[in-house]
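Q: Residue strings, one per chain:
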Amino acid sequence: MTARPLLAIVEVSDSFRRVWDDLAAELGVSVARFALHDTLPGSAVAIMLAAGGEEDQAVDVLPAMQRPSQAPLYVVGSQPSHRFGVEVMRRGGTDYFVLPADLDLLRRTLASRVEGMPHRTGAASDTATPDPFETLQGHSARLAEVLEAARRVVRHAGVTVLIQGETGTGKELLARALHDGSPRGSGPFVAINCAAIPGELMESELFGHERGAFTHAHSAKPGLFEEADGGTLFLDEIGHLPLILQGKLLRALDDRRIRRVGSTQSRQVDVRIIAATHVDLADAVHQGRFREDLYYRLNVVALTLPPLRERAEDIEVLAEHFIRRHAGRYRIEAPRLTEDVRLAIRRHAWPGNVRELQHAIERALLLSPPGTLDPAHLIQHDRPMANGKGPLPFPATLDTIQAAAVKAALVQHDGNKTAAARQLGISRARLQRLLDRGED
Amino acid sequence: MPRDDRLPFADPLRDARRAVRDGRFADAVRLLDAADAAVRGTPEALLLSAMARWRVGAFVRSRTAAVQARDGFRARGDTDGEMRAENVAAAGAFALGDLAGAERGFTRALGLADELGDDLMIARCANNLGNVAYYLRRSEAALSFYRLALANFERLGFNSGLAEGWLNTTLVLHEAGQLDASRDAAERAVDAAERSGNERILGQALAARSETDVARGDVDLGRALAERALALARAHHHVMGEADALRIQGVIARLHGEPLEAARLLESALAIARRIEDPWRQAECHRELGMLYRAVARDVDARAALEAAAQAFERLGAAGRAAEMRELVEGPTV
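One line per chain: the protein sequences are A and B, in this order. So in my numbering, the last one in the first sequence is 488, and the numbering has no gaps at all. So in my numbering, the last one in the second sequence is 894, and the numbering has no gaps at all.
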């Protein structure tokens with residue numbers, strides 16, 4: 049599977065189905081069919097309204113169609129009529145093609161659209177996003193240094209990048225910017241959090257599997273490597289990748305081929321890897337938890353995002369940015385940063401970094417009277433469980449803490465032991481044993 | 561002799577297709593039922609009939625028609641048609657609570673979509689398989705399918721699909737107790753919904769975010785978000801979204817110690833779920849009513865509500881969830 053431009057088909061009738069498939073094969077594009085009221089993808093090279101035999105209906109539906117502004121909308125029918133063509137364009141269509149007579153013309157039109165799309169390899173187009181890094185807000189020297197290094201690598205489509213930084217510093221945002229600004233920018237960006245996937249599922253997630261490869265493999269399933277073909281695979285928390293898979297990842301990077309679990313055949317893939325971690329990978333190598341060869345393979349270019357406390361001068365810039373963003377989202381008046389709010393955000397340490405600041409601003413904006421930002425709502429100081437009894441006891445014996453955790457989980461789940469056990473990450477039987485012990 | 565006074569050519573398939581397109585599903589069913597047997601029996605007509613019947617809630621006949629359509633397309637060697645019919649048949653099974661049948665059907669459709677390289681169908685089938693796994697409380701499988709769906713929606717740049725996929729991911733992570741990850745997924749759902757311009761999905765994403773914030777202990781923020789979710793749902797006449805937002809507001813009212821208000825909100829949500837014949841939402845409302853009545857020691861009402869929830873989950877094939885409701889019926893009040 050390759051990342052190809054997309055031809056979006058909206059069917060008023062089921063006419064020309066074979067034509068789309070043939071055209072797609074000839075032009076190297078993929079075809080996806082959408083319902084009339086679907087919001088159509090912005091990435092489509094063109095929207096085709098298939099209306100063979102239903103031409104009169106096509107003009108009725110054209111004004112109501114939701115389509116991305118940059119994609120042309122071609123109506124394709126079988127009724128030759130100049131009057132109809134004019135009507136299509138009057139109602140927002142880009143052009144009208146009559147098949148089979150206009151097939152060559154349609155093919156040429158689409159081919160020229162495809163050629164005009166940004167290429168995936170080679171030099172980046174000058175018409176690409178002017179600054180893909182503008183999503184990373186701030187003027188501090190520490191951030192500027194990182195972004196300068198990122199700008200130097202952004203045009204190199206194949207270079208592997210390792211992003212380091214504490215949780216909430218914007219590692220995925222930087223990875224996305226590196227992808228968007230690169231010659232692969234029109235290809236897929238597939239993000240995966242290695243810490244969130246159980247080790248035993250990871251191989252199938254990354255490389256896919258064939259039908260019958262294991263007990264629940266009822267059908268073949270492509271892996272995320274295949275999904276990212278032609279684009280970027282962002283491996284967040286790479287330090288959590290099991291050792292055995294580290295070797296397989298290294299092979300995939302070196303050979304540019306992957307093999308689905310249960311398959312005897314390998315598939316070629318063209319994927320750029322951006323990895324991220326909040327732990328010290330060099331230390332993990334030293335401790336034998338991370339392969340040294342993979343570390344050096346990933347660490348071609350290393351970018352380290354500073355924590356917010358080390359770029360204090362950016363905090364207010366970011367706060368203002370989040371105020372504008374969330375005020376727009378919730379359609380409320382954007383308040384100005386008052387002196388007491390500035391003081392409050394400067395005093396806080398922001399251990400959760402930019403993400404924590406964003407949440408704080410959103411919270412205060414929603415809970416303050418319209419047009420204001422009450423500093424009292426910025427930080428939620430206590431985080432008791434939804435209907436629990438407050439924080440766990442500490443310092444205390446482990447037994448006391450465990451008993452309190454079990455009780456709090458049960459309270460939160462209204463006495464549902466299965467749900468409480470699931471939340472605590474233990475079996476229901478173990479939860480029962482802990483409960484029994486507490487009753488002794 | 562040429563006839564110039566002919567009546568317009570009658571094409572029931574075309575008329576039914578128009579009716580489906582315009583959302584006149586009952587009309588489509590009527591038109592197809594009235595068509596000649598030769599037309600009615602074509603895979604195209606059967607598939608159309610299956611789609612229309614599904615939308616009017618005639619799930620048994622929808623599934624039957626879809627299976628016939630699938631077999632017809634298969635006999636003809638039309639893999640694309642077979643895949644679409646398989647997907648509709650699986651959707652029928654899902655609606656009927658035959659989760660095993662739905663899983664088999666969506667799995668086959670996914671296999672065909674993979675064969676055809678149809679990214680959108682891969683995404684939709686994966687999303688549906690994720691929903692089946694979620695109902696069956698197979699969290700890891702659900703998340704895996706949603707990841708596949710999201711990757712495909714991402715490839716297509718299809719923001720509504722991304723919003724839906726992240727919304728589903730939010731619910732699974734929430735249920736698994738991974739509340740920080742759930743909030744992160746909810747935020748992604750909100751971002752994608754915003755980009756898509758689809759305010760119905762935006763409302764649902766805000767509702768899911770609200771639920772997660774409540775579970776994380778930030779009831780005030782949850783309430784503010786639920787109010788916005790409700791406003792969006794009502795502005796766009798999105799009854800499912802309205803039912804969800806009312807249910808969440810009911811839960812928040814319970815947590816705030818406002819049982820009467822909680823009961824009113826939950827009963828309103830349940831009334832909507834009944835009106836639109838949505839068994840899943842009915843089950844969720846019964847469950848929350850059961851929790852409310854337990855909290856205020858109305859044991860008889862609590863048992864009735866939880867038993868209703870158990871039965872609804874059972875009808876949906878979600879045996880594990882039904883068992884949990886029964887466990888609560890029998891269990892002590894904590």
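These are calculated hints, taken from the structure and not from any lab test. From a predicted model like this one, the values you see are computed outputs, not experimental measurements. Worth double-checking, as some hints may not be accurate.
Cβ-to-Cβ under 8 Å is the rule here; a few derived chain B residues that face chain A [as the list claims (entries may be wrong)]: (1) 668; (2) 778; (3) 823.
Yeah, the Cβ is synthetic: ideal placement off N, Cα and C, and Gly gets one too.
Q: Next, verify each hint and record whether it holds.
A: For each hint, the structure was consulted:
| no. | hint | in the structure |
| --- | --- | --- |
| 1 | 668 | 7 Å, holds |
| 2 | 778 | 6 Å, holds |
| 3 | 823 | 16 Å, violated |
Violated hints amount to a single one, hint 3; each of the other numbered hints is respected by the structure.
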